[in-house]
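Student: Read top to bottom, the protein sequences are chains A and B. The first sequence begins at 1 in this note's numbering and counts up by one. The second sequence begins at 1 in this note's numbering and counts up by one.
Hints in this document: simulated from the structure, not taken from any laboratory. Be a bit skeptical, because a hint or two may be false.
Since the list gives no way to pick one copy over another, a pair counts as held whenever it fits inside one copy or between any two copies.
[Unchecked claim] List of simulated lysine to any residue pairs, SDA-like, C-alpha gap at most 25 Å:
(1) Lys-19 <-> Val-51
(2) Lys-19 <-> Arg-30
(3) Lys-19 <-> Asp-39
(4) Lys-54 <-> Leu-73
Protein chains: 2
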Amino acid sequence: MSLLARLFGNKPRTAAIAKERLQLIIAHERGGSSTSTPDFMPALQQELLAVISKYVSVNQEDIKVTLEKQGNLEVLEVNIVMPEAGAKR
Amino acid sequence: MSLLARLFGNKPRTAAIAKERLQLIIAHERGGSSTSTPDFMPALQQELLAVISKYVSVNQEDIKVTLEKQGNLEVLEVNIVMPEAGAKR
């Protein structure tokens, strides 16, 4: 459960203000060798968002995407707040 | 950078033992209302893995998947260790 409390922050919330949220984190750590994979993160990001939008109806403006790099580590974070009746099926 | 150090642990590693790794975390927090989306995580997981396998060549045994639930929060974690020459393109 170590990661659970860190996701979405750790503040208690009441049911009255609860929104449905989806968070996607992709972390890519490159190896030390020159045979490492090329940078596929931008393309991967597009495809993953396309998959997610098949399951939940989301407005483009409710999707927040951030990409961080630090040395060999690249982290893509996608935060989505869903509309009240977000179910597609 | 708050999340970066937590991903993949925080231990220094030498280039000699560096492996290429990909970590995918999907967190779904349901809203308080009864109109929340149904549980799409298992199907979503399958599709996301299919997308990832288009970009990196991975052996099934190198994929570790864990699913945790805590109240309204559901967290799917996928850890992939790539082979040395993991690039597909």
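Student: If a hint holds in the structure, say so; if it does not, say that too.
Tutor: Status of the hints after comparison with the structure:
1. In this homomeric assembly, Lys-19 and Val-51 come within 25 Å of each other (Cα to Cα) only inside a single copy, at 21 Å, whereas the closest approach across copies is 28 Å.
2. In the homo-oligomer, the alpha carbons of Lys-19 and Arg-30 lie at most 25 Å apart only across protomers (7 Å), although the nearest pairing inside one protomer, at 35 Å, exceeds that limit.
3. Taking the shortest Cα distances, Lys-19 and Asp-39 sit within 25 Å of each other only across copies (16 Å), while inside one copy they are farther apart (34 Å).
4. With identical chains, the CA atoms of Lys-54 and Leu-73 are at most 25 Å apart between copies only, with a shortest distance of 20 Å across copies and 29 Å within one.
This entry satisfies every hint, going by the numbered hints stated previously.
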